[in-house]
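**Student:** The task is simple: from the sequences and hints, build the whole structure.
Line by line, the protein sequences are chains A, B and C.
Using the working numbering, read the first sequence as starting at 3 and increasing by one per residue.
Using the working numbering, read the second sequence as starting at 23 and increasing by one per residue.
Using the working numbering, read the third sequence as starting at 63 and increasing by one per residue.
To be clear, the hints were calculated from the coordinates, so they are not data collected in a lab.
It should be emphasised that the depicted structure is a prediction, and the values quoted were computed from it without experimental measurement.
Be aware that one or more of the hints could be misleading.
[To be verified] According to the in silico footprint, chain B covers these stretches of chain A (three or more CB under 8 angstroms from chain B):
1) 81–89
2) 110–120
3) 141–152
4) 220–228
5) 244–252
A virtual CB, placed ideally from N, CA and C, is assigned to each residue, including glycine.
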Amino acid sequence: MIEFLQQLANGLAAGSIYALIAVGYSMVYGVLELINFTHGDVYMFATFTAVSLLWFGVAWPLAVLGGLLTSAVLGLAVERFAYRPLRNANRIAPTITAVGAALILENAAQLIWGPQTEPFPMSIGRRLFRIGGAIFSELQIVILITAAIMATILFVIVQYTSWGRAMRAIRDDLPTAELLGIPVNRTVAAVYAIGSAMGMIGGLLFSAYYNAVYVGMGFTGTMNAFAAAVLGGIGSLRGAFAGGLILGVTQALAVGYIASGYENSVAFLAMIGILLVRPSGLFGGPTVSRV
Amino acid sequence: MTQRLRGAGPASARNRGPAGKGLSASIIGPSRARFGWFAAVISACVAGTFGLLVPPILCSQYEVHVLTLVCIYIPLVLGQNLITGNSGQLSMGHAAFYGFGAYTVGILGGVYGWPTPPVLLAAIVATGLLGFLVGLPAIRISGDYLFIVTIGLNLVFIDVVTQWNSMTGGTSGIPGLPIPSFGPIEVRTYSDFYYLALVIALLSLAVVIAIVRSRFGRMVEAVRDDSLAAAACGISLTPVRIAVFVVGAGLAGLSGAVLAYFIGFVGPTDFGVEQSLLIFEMAILGGLGSAAGSVVGAVLLVGVPEILRFLQPYRLGMVGLVMVVLMVYRPQGILGKVKVTNLIRK
Amino acid sequence: MTGNLQCRDVSVVFGGLAALNGVSLNVGAGSFTGLIGPNGSGKTTLLNVVTGVQRPTHAEIELDHRRIDHLTLHERARAGIARTFQTLRLFDTLDVIDNVTLGAHRLCERSAFESVFHTSAARRELRRQREVAEELLAVFGERLLPRLDQQIVTLSYANRRRVEIARALMMRPAILLLDEPAAGMNPAETEELAEQLRMLTAMVGCSVLLVEHKMDFIAALCSEVYVLDHGSCLAHGPPSSVQQDPMVAEAFFGIE
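**Tutor:** Okay, here's the thing in structure tokens:
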């Protein structure tokens, strides 16, 4: 039982990271119905930037800020050059350009920082706490709290501000939103910026937690984000958050009780299972069926 | 004046010119049969002679090596094109089928020492079966989700292959595969492998063209263009979509088998998502829906990087750039008649 | 004679809104029946329910006295129900003759699998089917015969409608459901189409359920007409009596 709780705890911590990344990803999908394949690679690049700043001895709040700025800039650039020209095409074309843009980012990161895995340059939160029979590290608690705070902030923005209303209008009916005078380009840019920023925080926490910064983490991150979003209900921010947590816990339990090395497979098989059995996700709304 | 519908009527003689009979007409088209047949035979002879004689005699060993790789990629891209171009299904994990064929050779040919012809057959059939298993759930998952799902399956394949040490040799793979032989004929030298790959590429091309130009091929394209209308004509969608997966996967398995024998080794590195993306790009660059386009795509994206070796560190980015440029400026690729952008009806 | 269609008590309700409300309709074997009504009255919905595109909340549908409610879309097509679509659904990358010939799918004796091997039997069957397709298209005169190898995108709107009709008739259906086949045609073409439909359906020997807005078209072809309004059947009978029905006039023109 203790073992189970421990796995659960680990799963929740990892899951919170997935949740943050997934929410950032889902923002873009929810508003634009776009599979943002560059999500992970943008935050990977931004994380590397932040880590590089830390290497140069910059204080960590500034490094984080640097990372956030990078992710926002990259997110906007991707939107401007890879997505906006295809705004009127169907969903496939931007998905493919997204893949292309992701590859470009990966190549650039590889050239700048090399293919090896770097350790995370800050030692954070190694202190351990015992809560309810399971052992939590300080870092895990930081992660859980950060995730909760960011999610709440995001929820407030989307539900209660005019930005949020604009985003929802664009999701529901882009042409009409345009006609109504909603500043579409600016709102879309904001969506990307916020989504990338959330991903960036997730990425930083990921690197801190696993003590690893490497180019491949971007792609893995995108795939996990997608799996989490699908599990929870694609297009729904709450669903993405829940999906991330579920994903983390499922992975931890599977790895703990079945076999290690198959974490990714667990994620994708769960995702495929949901798509077949309940395509709207665990918390999603009804979906349209096709012939 | 009404008349009952009959088989033949005066209308048939009207606009079709000398209606070609026979196989050529079936594949090339009745009114174009005469001229088309002649031109096809001549160009096949020229290309065949060129392909058979020139490389081993005039080209360096390295160039023959590259040409062999091109020929190995051709069935691979043809299969991807069949699934994504002709059938409109965004399958992205094609390298998993490629790898499955290669590992079939590694296990049956390498570990168990089976002779070559049954191993090749097993590679095609087993990978085709895998294609069937993938195709089954695939038809229930739409458009861009399928894209991600198939990438996920590719990753699952890599995971399995890397972890299942006892069967696949894990990350080290299976080294020391035997020389392939067909009865007394051994495939040893660079030229030998080139001929093998060339013959297989040509056979695959013939098979794909036969499929695409048949009534079945028309059904596949109809289902892609408008599945509702196709169903309203009585066409059963599921078997059509799955059959395409089976053939596409089988072709990829064949490619993988040849690759394995060619390199003499099987390992997980060649069969990941990066490879799938490359194959996909070959298909869209050449042009979806066009078999000739697939050949062009393979030639360009295998040949050019070899020629421009100095661009090696930028390869990934170049692949990405080509994707973006293609989608924005020419989504139908070079020879395609289907735009990727049209693959989903909104 | 086949092609008797009976629809009983067809209802399509979502969330309190009834697109169709207990509609019953009968098409006699070999007859021409019309279905009219203002936009949004549920005509296309009814066609969708009959063909299996849409699941109804409740319906009992019989084709030639056999229940077809359990059949899927393509099974109903194979059972002999053909249709055209209001929004026009052709296979855009195939040419005219290929589009029409595909309609014969359900009649093929040579399997699709066999067609891949290009056996002489398969080729013979395909050739025969193309000849039949040409016969059908010949009814439209010179509009389509010179264009057999052309891509659909190069055709005029009216010609595309004709191709779709020919494709549906290739099926040799028991019943043909036409959804506004004359849309986008001028009065001359419409009159021509009425005559051509009469010829075509006599050639094939099917019954017809015709959804249309153009009253003259309906009156010229149909022996019986049903009127739908807001999902309910308002009236039915021969065109002349329906045209004079005051309730119908009110539904269409708001006349008291």
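**Student:** Hints first: check each against the structure and report whether it holds.
**Tutor:** Status of the hints after comparison with the structure:
no.	hint	verdict
1	81–89	holds (count 4)
2	110–120	holds (count 3)
3	141–152	violated (count 0)
4	220–228	holds (count 3)
5	244–252	violated (count 0)
Violation of the numbered hints given earlier is confined to hints 3 and 5; the remaining hints are satisfied by the structure.
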